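Asks: Two chains, two separate frames, one set of hints: put the complex together.
Residue numbers (numbering that gives the first Met the number 0), protein chains in the order written: chain W, 0 to 519; chain L, 0 to 320.
You may find that some hints are simply not true.
What the hints assert, rightly or not - Computed from the model, here is a short list of chain L residues facing chain W with C-beta under 8 Å:
id: 1; residue: 41
id: 2; residue: 45
id: 3; residue: 232
Derived by calculation from the structure, the hints in this document are not laboratory data. On a predicted model such as this, the values are computed, not experimentally measured, just so you know. Just so you know, even glycine gets a beta-carbon here, dropped at the ideal spot from N, CA and C.
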Amino acid sequence: MSLDVYQRLLALSRARAVPAASRAHRHLSPRPWLLTGYHLAGEPSAPVAIRYGSFRDSPKLLTVAEPRDRALRFAALGGLARDLATYLSRYTVTEPVVRATGSGRELEVDHCCVDAPQLVVPNEATAHWVGLLGQYLRTLDDPVLAAAGAHLGWIASRRHLPGSSVLLTATDLLTAHWRTGQLPTEDGHLGRLLAWIEPPAGADAWQAARDAEAMPPAGPASDPSWDQVVLRPALERAKQQGDVRRLKLAAAEVLDGAWRDTWAAIDLVRMLPPGEHVAKRWESDRWSWTRHRERVLAGTVSFSARLSDVPAYRFLHELETRTAALERQMALDDPLVMARYLATGEAVAGVVFKRDPEHTVVNSGGRSVLRPLLWVRTAAAFDRPAGTELWWGKVGMVVRGSTDDTVELMVTSGAVTRPKLNLLPDTDAEVVLAPFGPLQYFPDNLPDELPWPTRSSRPKPAPEPEQDDDLDTDLAPAAPAAAAVDLGGTPGRVPGPRADPGDGVPAGGTAAPGEPRGAL
Amino acid sequence: MDPRRIAGLLDAPGCRRRQALDAAQVDLGLLAEAIGAPPGGQSPYARERDGTFTHLATARLPELVGRHLGIDCEAAVETSELPVGAGLWVWREPKLRLRDLPVTPERIVLAGDGTLLHPVEIRSYACLDGHADPAKVAGTARELAVVVAALRQAAPVPERVSSRCLLVLPRNFGLAPVGTLLDVAPQVRRLGWSLDRLDAVDLPARLRLPDLGGQALVNALAAVDARFGDGCPSCPMYTHCRQDAERTGTVARAGGAAANLCGPVGTAVHALALAHGERSPSGEAEQAIADELARAAAAYGWAVGGSGVATGPGPAGGSAR
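Bound conformation, chain L alone (with noise of 0.2 Å):
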């Protein structure tokens, strides 16, 4: 699995049914077939620029180390290993692991100042005046942050391998390299947490079959909870999640905070019938959310110039313009 991949499981955090397409290690490909989902993809154009620059900036890549890292290197040397020493070097399809998932990054570019390793990572978003896209920069944070922790896992002395990255994006429009450090200290910790969750998924044994497909893989997935939620546009299995979450009425269907407001209380039709006094809550945590809610409807009532409560569910409400 790429970095990308496993970098995802940060963007959901607390989904079983995600973490259990992880560790079962799914093939992503069978299952957006399975699903039916749209394909994604990479523009050609994209491709060519991610090409070229990276082209260009491997070449630039000893002064940049250089000037951010303060490491004196020559260009860089083909390895198909844990580099010792100083210097820079790109290893091509490593094959690492990170527990035990397998990591197989394209490639990764080490600069080695002696004691310490340094990931490279190269990208083709433009860094405008010093700023680069910041849901970019946390994107690419959480993939390096997979190679630094699945390096340490290789590597003899853990400790050898630092979480300060340096990163390397085009400057402003054009395709001239600029370098900037980046320490995926935080990110590293939040993935190991991610993945001590992971460990504890007791995988339902179907997801481990070789060769599943179609309609048996979606049904051995559904039988793993999901959480829906705000981060689920991200995730391969979102276009399934969310019928799910429709034909079930599920609050969360509504965004993060509505299913933090709403708490233990599930659905939607549930929720409103607490709001509008059509049902009496069991409990607590169901009073004070009906407490919460129905102080909404009724102000929602009053605004919209009703008879102090808002219409009920349905269409016949009629209010939605």
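Here chain W stands alone, though its shape is the one from the complex (with noise of 0.2 Å):
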């Protein structure tokens, strides 16, 4: 995209960030969960610490003295279950509403809760980690551990759907909203993203971001060097002597950065005004939220490795919806992003200089319908060809032909009857006309069950014998009484962990039938 180059080069040369929106295209909710945290080096089952909590001067800090020990990170994970419990707890209050049922001529009542939980992480890869905390919690055997097992795969889930607000990373807030003049990898970085959008009086943002990338890291993986000199000695000190304020000194320390940063980054966000359809997008998500509470107390929560077919394509369909009228609503809302339309040529600004309203022609049927015109002179020539739909709010126009200079439109829908041919813009007004008409809808089809296979008729391979993994690397095998509880632990997963990442996809007959997915 050029605007996008555009305002990285902008960037670039003020040493500064510029907007890339004017209003918030993410829903904040006014009481959100924020979690930053470390794992040990790669292993993303086993915590070393995290800060978590909705309040900003109050956060709790879990800290694991031994992070490979199962049962104290057990005790440590099971705080973080109850006070996740604690939390989604506030979110059960629901309203009735009524909708349309069958062909649209029913009405039934449902329930929808009035709000639902947020999570906001630092970066993608906490974002990928609570994916990970929850796909771990699941295989325990403790119903609260696997219960917030259940919670963390929903909101990990709703990461990969496009407009949802459920898990948000600061990272991911802040791109969406600025243009930066570093390498787009370096926008992962929130200390240098912060640094470009606000860098201290008198520094200019090379040198903030360099700055903040002395800071400790955002983790979940720690900084090698600090392992070796603060958390090993830390560590060693909590397991042998039984004392973790060291460590828990440490670990607020390194943790502080992060979390302070995932606030301001919100605090950003906060001052633009909110997008006039991020309401209606976080609607989908409370829609969401109160379907996977019915599926937690009904014990059906499902979620699934890899889908099958149809659920797969139902997915991939849901996708390419969100992502369409996730592009066409923040376009709608905000001229900054309207503005990528302009600078591609997809979308015309310019001021109408001549109307024709009156003007009709006979359609295939014969009859004289009107079809009013209109002329819009433009500052650079429109390039795309006679037949081209643009549109001006509700009203759709097809393209008759240009000049270096001018458009000429047939409006086609909207105002073609003489009382609605005021809603045409008047001489002299300044219009765009955008790519982006009234919702379309492309209802999903396909049967619940092909009827034809979709499967390779190959045999498959032998599953592989059930192994002794996900025993996880205790640091002391040899514990009996530990090795005991594990192998107990095996068979008494959580039944058939099926990871829905769309969870609007009905799942069997466990979703919502009436779940308003893809109409966002």
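Replies: This is the structure we're talking about:
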């Protein structure tokens, strides 16, 4: 996108980030739950320290004195699971909603949660880790931990859906609303991003970004030299003398930066007025949360590692519908996003200099119908061919022809009857004609079961024998008590974990029939 | 040089400075010290886990090799040369060469079925529900390609070294090993292409001097052109080249997309002057770039409610908020 490049160049020459949006395009909960933490290098299932909570000034800090010891890990994660359950319990209030069913002629009353939880993490890697933690917790036997795993699984599954705000990353919040002049991969570093957007007084973005790199990483992977110099002595002290103060101090110190930066990112986006469609997209998150809660209560939560044919088709279909809807909604909400389409030439900005509201054409049925004409003066040539469809709000039109600085358009919908002619733009009105019209709906009409074979007829390879994996990396595998617990735990996994990345995708009969998927 | 370093050539295609760095086999420790790069390294916990898993996986290798490659073998046998026949071998600290570059992996595990030799690689990142981190697998594939290419150079019959490798990873959250076949033939071909370009680099003689260190080393490297781009953060010269790019205000500092759009227009100031019509384009290519950027500038100006074009460079713009 040329606008994206132009903004990056502006930012580069000003040594300061440039706004890429003038509205907030993500829903921001008044009370989000933040999570930032470190896990042991190479072992996502072994958290060392996690800082979490919804209060900026009083975060909770979880530390594990010996991350590779299952018992200690369970105790620490149990605290996290209970706090998560307490936070989620605030979002159980429902309200009755009347919605159309069937062919749209019957009405029924459904209940939807009035608000849904929101988890905010510093970066993509932490968001991915949240999914892994959920997956790990679901393999455990403890009902509290397994329930937390199911919730984290739902939260993580929403991350893949464009337009969902259940799991937000601070880096995504900032890159969606600002452009920097650094490499796109460097935008994944939260400290660097913030330095570009709000460099400290007296420093330019380059210096501020370099300073930010010297701070402890935002996780979930820690700095290897910190592991060696600080973490190792602290863990050994905690293990041998039972004194966790040093570990807690060290963890609080390194996690503090990411914690404050994540709040700073939320504050920055909160200063922008919310886009008009954000509440509508959040409604789809609320419905998803409502259905997830129903499944939790009924004990039918399921996750699968891979989707089979029809659910995979439905998930892709939903991703495509949501992507298209999100692009359209963001452009209609925000002139700075619409400017991207102006820059590529898909949209047209100009002034109406001539109108012919009485113009008629003869349609295929031989009747003469009203099709008003508009002429728009533009700053640059419009280079799309005649027949291109453009929209001005609900008024649809097609291009009849264009010159170096004018476009001739015929209105085809929205204002083609005499009572509605006042909806046309006046002469001398400034208009932006967008490639986005009213929401298009592509129904998904695949049957639940395909009538043709979709899998290869080759016999499947014999399943690998169940191995003693998932037994973790116990430091003391010889400890008979721990081993006994582990072996007992293996068969008792949460029944058939199946992850619907899409969640809204009906998995078997568990999903809500009326969940407004796709139709954001 | 270890395979990872040579595989790094594939991260930064077209950067002559990076090619010179590797062709001259510059000591990276000296280099990091000279340019003041932050220390890298591996966490002690990652090393321990790596060691534990390698130990566990090595014990189970015959079973995995049997299942995935169909080779019946006993526990791995130590070797000090390229083995022949069927079996499983561990070759510690082999001295291999790839073109003129020394390749010195810590060890290579090889499984032979009588005609073909398959490299076996043990890594400790997890394979969750049959999925491993694609970025890590891609990195491993590039390193394996270096090993395959070096083995082929050492083998009397190069075709006997197969590009189908067995990758052994821990399953899920535990340490039980699971194997997957990985064909690195595409990576081997890309590596060959990169090495051909490497031969063509005419190195400044100064880079070849032994005991080159400190500022002299940096100056010698700076004499070779760099191409800044999206793959740079993994390069040992990254912090140096980055500052270079910041000082000159080159378009590439903002990423590959910007560099591709701006083409022959090298600096951001130049590109913005074209966009704002403060400078007339010379030639057709610049005209096209100027048109594209001017349209973006007009759209941006319209969106921020400005006067048609955005305010020029400089903090006076004030619209950065």
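Asks: Compare the structure with each hint and give your call.
Replies: Status of the hints after comparison with the structure:
no.	hint	result
1	41	6 Å, holds
2	45	4 Å, holds
3	232	6 Å, holds
The earlier numbered hints are all upheld by this structure, with none contradicted.
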